[in-house]
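A.B. asks: Sequence:
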Amino acid sequence: MLKREIIPAILCQTAATAKRRIAIVEPLVDMVQIDIMDGTLVPETCWHDPSDVASWNFDVRYELHLMISDPIAELERWSRVRRVHRALIHAETPKKLSHLITAAHAHVKEVGLVISPGTPIKKILPYLDRIDSVQVMGGIPGKSGQPLDLSTIETVKAIRKRAPNMPIGFDIGVSAKTIPMLAKAGVTRFGSTKAIFSTPNPISALNKLQDLVKSK
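Read left to right, the sequence shown gives residues -2 to 213 (the numbering used here).
These are computed hints drawn from the structure, not numbers from a lab.
Hints should not be assumed to be uniformly reliable.
[Said to hold, decoys possible] Using 30 Å as the maximum straight-line C-alpha spacing, the simulated BS3-like pairs for lysine-lysine come out as follows:
{"no.": "1", "residue 1": "Lys158", "residue 2": "Lys174"}
{"no.": "2", "residue 1": "Lys158", "residue 2": "Lys140"}
{"no.": "3", "residue 1": "Lys16", "residue 2": "Lys174"}
{"no.": "4", "residue 1": "Lys0", "residue 2": "Lys16"}
{"no.": "5", "residue 1": "Lys140", "residue 2": "Lys181"}
{"no.": "6", "residue 1": "Lys211", "residue 2": "Lys140"}
{"no.": "7", "residue 1": "Lys205", "residue 2": "Lys174"}
[To be verified] So the derived label-pair ranges between C-beta atoms look like this:
{"no.": "8", "residue 1": "Pro114", "residue 2": "Ala20", "range": "29 to 35 Å"}
{"no.": "9", "residue 1": "Ser52", "residue 2": "His82", "range": "16 to 22 Å"}
{"no.": "10", "residue 1": "Asn54", "residue 2": "Lys0", "range": "22 to 28 Å"}
{"no.": "11", "residue 1": "Asp208", "residue 2": "His82", "range": "21 to 27 Å"}
{"no.": "12", "residue 1": "Ser52", "residue 2": "Thr196", "range": "27 to 33 Å"}
{"no.": "13", "residue 1": "Lys211", "residue 2": "Thr37", "range": "36 to 42 Å"}
{"no.": "14", "residue 1": "Met178", "residue 2": "Val26", "range": "19 to 25 Å"}
{"no.": "15", "residue 1": "Asp208", "residue 2": "Gln10", "range": "29 to 35 Å"}
Only a predicted model underlies this, so the values are computations on that prediction, with no experimental measurement involved.
Idealized CB from N, CA, C, for every residue including glycine.
Whenever a hint applies, use it, and build me the whole structure from the sequences.
C.D. replies: Pasting the structure below:
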């Protein structure tokens, strides 16, 4: 059975905020997602400096959510960070996915593809045997705290049907309310920013989400 887990997502504007948030969740998780936006694939930008992370000593692994047009150049920048484990590349990236997957595997242990609302799953189907996971976006990439686009539940179901043993992540719209339906559809990795860090007690919020995921 595939492991179900909450993966806290770090989407912020400063290194200080990123460091503080990772410190909060470090005792409770072994993987943290770092969102990377430079204004090329999505309009938004955010903090994503590998030199900051390289100077920290957190006992977590990192997955990089590469919401950018040139993910390989960015992975090269992150090569100095010892605990980078997984790269998530958008199917909407304007480069050949086949080449990107090959190049990314030279930098990280695991490579996943990300699919946004409106992108047909046929865009990623040819690569399922070359990747380690898929992440479905529950809303428009780059904007944390959006309501869940329910059409993306069908995307999860379609991917699960074609890849019964593939870890499927989900980002945007993950909450205590939506986790049951996401888990039923086939999600195994639940990315969360707002449901953790926008609460008065992030540790308590994360604990509750983890308990909910494990009960499904």
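A.B. asks: Run every hint past the structure and note whether it holds.
C.D. replies: These are the hints, each one checked on the structure:
With a CA separation close to 24 Å, the supplied pair lysine 158 and lysine 174 stays within the 30 Å bound. Note on lysine 158 and lysine 140: the hinted pairing holds, with a Cα-Cα distance of about 28 Å set against a maximum of 30 Å. Pair hint lysine 16 plus lysine 174 holds up; C-alpha atoms about 28 Å apart against a cutoff of 30 Å. Pair hint lysine 0 plus lysine 16 holds up; C-alpha atoms about 27 Å apart against a cutoff of 30 Å.
Between lysine 140 and lysine 181, the direct Cα distance comes to roughly 25 Å. Compliance with the 30 Å bound is thereby established for this hinted pair. The suggested pairing of lysine 211 with lysine 140 holds, with an alpha-carbon distance near 27 Å, which does not exceed 30 Å. Of the supplied pair hints, the one linking lysine 205 and lysine 174 holds, its CA atoms being roughly 12 Å apart against a limit of 30 Å. In this structure the supplied range 29 to 35 Å holds for proline 114 paired with alanine 20, their Cβ-Cβ distance being about 33 Å.
Checked against the given bound of 16 to 22 Å, the beta carbons of serine 52 and histidine 82, roughly 18 Å apart, stay inside it. Between asparagine 54 and lysine 0 the Cβ separation comes to about 26 Å, which falls inside the hinted range of 22 to 28 Å. Between aspartate 208 and histidine 82, the C-beta spacing of about 25 Å keeps the proposed range 21 to 27 Å intact. Our hint of 27 to 33 Å for serine 52 and threonine 196 holds, since their Cβ atoms are close to 28 Å apart.
Distance hint check: the CB atoms of lysine 211 and threonine 37 are about 38 Å apart, consistent with the given range 36 to 42 Å. A hinted range of 19 to 25 Å for the beta carbons of methionine 178 and valine 26 is consistent with their spacing of about 23 Å. Distance hint check: the CB atoms of aspartate 208 and glutamine 10 are about 31 Å apart, consistent with the given range 29 to 35 Å.
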